[in-house]
Each structure stands twice: as C-alpha cells, then as structure tokens.
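Assemble chain B onto chain A, guided by the hints.
2 protein chains.
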Amino acid sequence: MADEVILLDFWPSPFGVRARIALREKGVEFEYREENLREKSPLLLQMNPVHKKIPVLIHNGKPVCESMNVVQYIDEVWSDKNPLLPSDPYQRAQARFWVDFIDTKVYEPADKIWSTKGEVQEKAKKEYIEALKILESELGNKPYFGGDNFGFVDIAMTGYYMWFEASEKCGNFSIEPECPTLMASAKRCLQRDSVVNSVPDPEKIVEFAFKIRKIYCV
Amino acid sequence: MADEVILLDFWPSPFGVRARIALREKGVEFEYREENLREKSPLLLQMNPVHKKIPVLIHNGKPVCESMNVVQYIDEVWSDKNPLLPSDPYQRAQARFWVDFIDTKVYEPADKIWSTKGEVQEKAKKEYIEALKILESELGNKPYFGGDNFGFVDIAMTGYYMWFEASEKCGNFSIEPECPTLMASAKRCLQRDSVVNSVPDPEKIVEFAFKIRKIYCV
Numbered sequence: 001m002a003d004e005v006i007l008l009d010f011w012p013s014p015f016g017v018r019a020r021i022a023l024r025e026k027g028v029e030f031e032y033r034e035e036n037l038r039e040k041s042p043l044l045l046q047m048n049p050v051h052k053k054i055p056v057l058i059h060n061g062k063p064v065c066e067s068m069n070v071v072q073y074i075d076e077v078w079s080d081k082n083p084l085l086p087s088d089p090y091q092r093a094q095a096r097f098w099v100d101f102i103d104t105k106v107y108e109p110a111d112k113i114w115s116t117k118g119e120v121q122e123k124a125k126k127e128y129i130e131a132l133k134i135l136e137s138e139l140g141n142k143p144y145f146g147g148d149n150f151g152f153v154d155i156a157m158t159g160y161y162m163w164f165e166a167s168e169k170c171g172n173f174s175i176e177p178e179c180p181t182l183m184a185s186a187k188r189c190l191q192r193d194s195v196v197n198s199v200p201d202p203e204k205i206v207e208f209a210f211k212i213r214k215i216y217c218v
Numbered sequence: 001m002a003d004e005v006i007l008l009d010f011w012p013s014p015f016g017v018r019a020r021i022a023l024r025e026k027g028v029e030f031e032y033r034e035e036n037l038r039e040k041s042p043l044l045l046q047m048n049p050v051h052k053k054i055p056v057l058i059h060n061g062k063p064v065c066e067s068m069n070v071v072q073y074i075d076e077v078w079s080d081k082n083p084l085l086p087s088d089p090y091q092r093a094q095a096r097f098w099v100d101f102i103d104t105k106v107y108e109p110a111d112k113i114w115s116t117k118g119e120v121q122e123k124a125k126k127e128y129i130e131a132l133k134i135l136e137s138e139l140g141n142k143p144y145f146g147g148d149n150f151g152f153v154d155i156a157m158t159g160y161y162m163w164f165e166a167s168e169k170c171g172n173f174s175i176e177p178e179c180p181t182l183m184a185s186a187k188r189c190l191q192r193d194s195v196v197n198s199v200p201d202p203e204k205i206v207e208f209a210f211k212i213r214k215i216y217c218v
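Chains A and B supply the protein sequences, listed in that same order.
Per UniProt numbering, the first sequence runs over residues 1 to 218.
Per UniProt numbering, the second sequence runs over residues 1 to 218.
Accuracy of the hints is not assured; some may be wrong.
As a list, the in silico DSBU-like pairs of lysine-lysine whose alpha-carbon atoms are at most 35 Å apart [said to hold, decoys possible]: (1) B/K81 - B/K187; (2) B/K126 - A/K105; (3) A/K117 - B/K117; (4) B/K52 - A/K133; (5) B/K142 - B/K123; (6) B/K204 - A/K105; (7) B/K204 - A/K133; (8) B/K40 - A/K126; (9) B/K214 - A/K105; (10) A/K187 - B/K53; (11) B/K52 - A/K169; (12) B/K204 - B/K117; (13) B/K53 - A/K53; (14) B/K62 - A/K126.
Partner residues aside, some chain A positions facing chain B, computed with beta carbon under 10 Å [to be verified]: (15) M68; (16) E136; (17) E138.
For the record, the hints were derived by calculation from the structure and aren't laboratory data.
Virtual Cβ for every residue (Gly too), placed ideally from N, Cα, C.
One chain only, chain A, in its complex shape (with noise of 0.2 Å):
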C-alpha cells in the first residue's frame, strides 16, 4: 500500500515551509491543504487538538506536529534520501542546538518586527540583527550550515529567509550588510528546487506582513 501523506499548512508559515521542504527534499509526494486560521479544520482541530496549529503532517492516518519535529520525522522515516541531520551524535547534538537557537531567539525578535512599532520594534531589530551574527559566526565559510550539503538548520532557516524581504520593509532596515555571508546562504537555500517549489512569491508575503502589521499596529 502507498503511504498517504497529508500536510495541513498555512502558505506564509515560517513553520509550514519546513514540512513542504523536508517532503520535496525526501521526493515525497504528498498532498497540501491550506488551512483557514481563522476558522481552523475539524480535522486540524482532530490532529492536534493540544496546540491546534500548523503544520500537521498525518502519515497513513496518523498526526506528527510541530514543525521540526515533523522534520525530524520525515528525515527517519525516509531515511534513504538526503539526509537532513548528520548521523555523528555529537553533529547531531549540534544541528538541534542551533535549531532551537532559531526558534527562540530568531523567532521572537522576527515575530515583532511586523506586529509593533516604535521602541519595541526598535529593539526587536536590533535584537534580530544580532541573533542573525551569531549564526552567520556558526556558519562561517561553510555554504550551509549542514557543511557542504543542505540540511536541519536550513531548513530551519529558510522559514525566515523566505520572510527576510518582509521583515526589512515591516521594519525598515537592511540584514545583508549587516550579515553577508548568511545572506549569501539564504541565497543559496532559496535557489534550490525543494525550496523554489515550496515558497510563495516574496512581495506576496510583503503584502501579507503589511496586511496583518495593520490589525496589529493600530
């Protein structure tokens, strides 16, 4: 029998993107269901009634949720094709420090920059800015975090490279000067197929950063 694999998702997720590239890494074919945030699924609610968000993978019936450990998921189960984590335990261990880096302090700062203004913003920026340095240091000359192959840390990654565009005009700033070479990574990330194929157009995520900044900064 031929597995059946859903994705319950969100189009400008940071979190959704994870899960579609993971799947297009793994040559995975799947089926897509946007969901409607502000009148969830039954069957969202029915997946993850704990936290009820996106994305849900159901694999053969069954739900994994939170975006990368539906990653990490996906890397176990199609376990013959790209690998996403190294298999060192100590690279390993490495790969999920930086991850959770990213989902605390990447996404904090990076949630702000489009949901206030004036000093908060202010400081959601710079704070922003200075979560990037410390992983455009990890990075070094590497063209990936994943060493000279595309793994968990990028696609961590790409969540909010795809949101980059957005967050600079949200927050009127420039990240390349401040971090080149990550820029140049995210560049890279972004080019490749599994990515092309699972991120929206950038201006029309601007216009959804403007559009929600509105309900938001009033």
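Relative to the frame of chain A, chain B by itself:
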C-alpha cells in the same frame, strides 16, 4: 582511552537533573561540577558562550548544551543500555512532542508559581494544573510515559516531579487530588536508582525555593 565526561550543573535545577539521570541510566561515570550561577566559571562561559547556562555536558572536551539535547546525545552515544527514546519514528516524534510541551506549557507556569504572587500566581497555578492534566491524559494507565520503560518524557518530567513539593508549598495548593495517576507515575520515577542518586532532598528544594521567592516577591 576512557571517556572523559564532565557535567556542569547546579543542584536544584530541573534541567541539570535530566542530564544526571540520563548518565546514571546509562551507567556512565562522570565528574559533577557545581556551578555558582551568580559567578559563572570561565569553563561554563567558554563551553556555552551562547546561553551561558547549565547543564553543559563536556564529553572528551566537546560541549553539548540544552538539557534535552544533552539527554538525546547521551542516548545516542551510549546506545547499548536502557534506550531512552523509542526506535520507531512515530513514537520518537510523539516523545519529542511531549518534551516540547513540557518545556513550554509546564515550564512557564511552574516558573511563575515560585516567583510571583497574587493574581499572576493564581493564573500560573491554574495553567500548571491544566498542563499536568493534559499530561495525565497522555499518560493514561501506563506506568511511565515511556510505556513499561522509564524514558525520554519521564526524564523531562522528573525535573518537575522533584519540584512538586516546593511548587505546592509556594503556591499553597495540591497536585495529587487533581492528577492522581500522574502523581503515581511521579512517585515511581522518583524511586528509581538513577533518580534517587540524582535528585536532592525535597526539603532542601523547598528551602531553596522560599529563599529565592523572597528575592522575587518583595
């Protein structure tokens, strides 16, 4: 050459204790080094320059940071004894999901119970019990979250189990009537050799909690 394993830790830490327990489950000899968190050692600052937090596991000179990342590293390196994560990808994803739940939905209110008072504390107590009830429902009638075996999620929770008495005394409430089967599992966990040898005397934690509470709740 024998492995050199050093743990930078702080005795009442619900995070540090996770690493201690995992090492003892695996029968790994290690050197425990107590940190003074008001005056962190040069070694801690060197080994965890990003977060500057305990626990840090230093294995043959190389640091691993973030408690559950440390536990997973230990599980992968010393894989021959007492597996902590299941081998099935779906069950692994479920275990990681619940650990993430604990590190967000249990951590946040638990932290506020000893560090706040009045309405904020009341709200935290309510959220704490709600989160524990969700965990109790996930536990079901299994002896451990790991099923018949003490595992990854149990280790994550044991840091909170050892603080239960302090939380109850700081918040003037009782956990057992609300979550009787979770409490039964907690008691089971707290009796394991690996845990008995890792967890401080509950009275000492209560004393510590009231000492720091005085600083936060003036």
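Hints versus structure:
no.: 1; hint: B/K81 - B/K187; in the structure: 23 Å, holds
no.: 2; hint: B/K126 - A/K105; in the structure: 28 Å, holds
no.: 3; hint: A/K117 - B/K117; in the structure: 31 Å, holds
no.: 4; hint: B/K52 - A/K133; in the structure: 17 Å, holds
no.: 5; hint: B/K142 - B/K123; in the structure: 30 Å, holds
no.: 6; hint: B/K204 - A/K105; in the structure: 33 Å, holds
no.: 7; hint: B/K204 - A/K133; in the structure: 41 Å, violated
no.: 8; hint: B/K40 - A/K126; in the structure: 26 Å, holds
no.: 9; hint: B/K214 - A/K105; in the structure: 30 Å, holds
no.: 10; hint: A/K187 - B/K53; in the structure: 33 Å, holds
no.: 11; hint: B/K52 - A/K169; in the structure: 33 Å, holds
no.: 12; hint: B/K204 - B/K117; in the structure: 21 Å, holds
no.: 13; hint: B/K53 - A/K53; in the structure: 30 Å, holds
no.: 14; hint: B/K62 - A/K126; in the structure: 31 Å, holds
no.: 15; hint: M68; in the structure: 9 Å, holds
no.: 16; hint: E136; in the structure: 13 Å, violated
no.: 17; hint: E138; in the structure: 9 Å, holds
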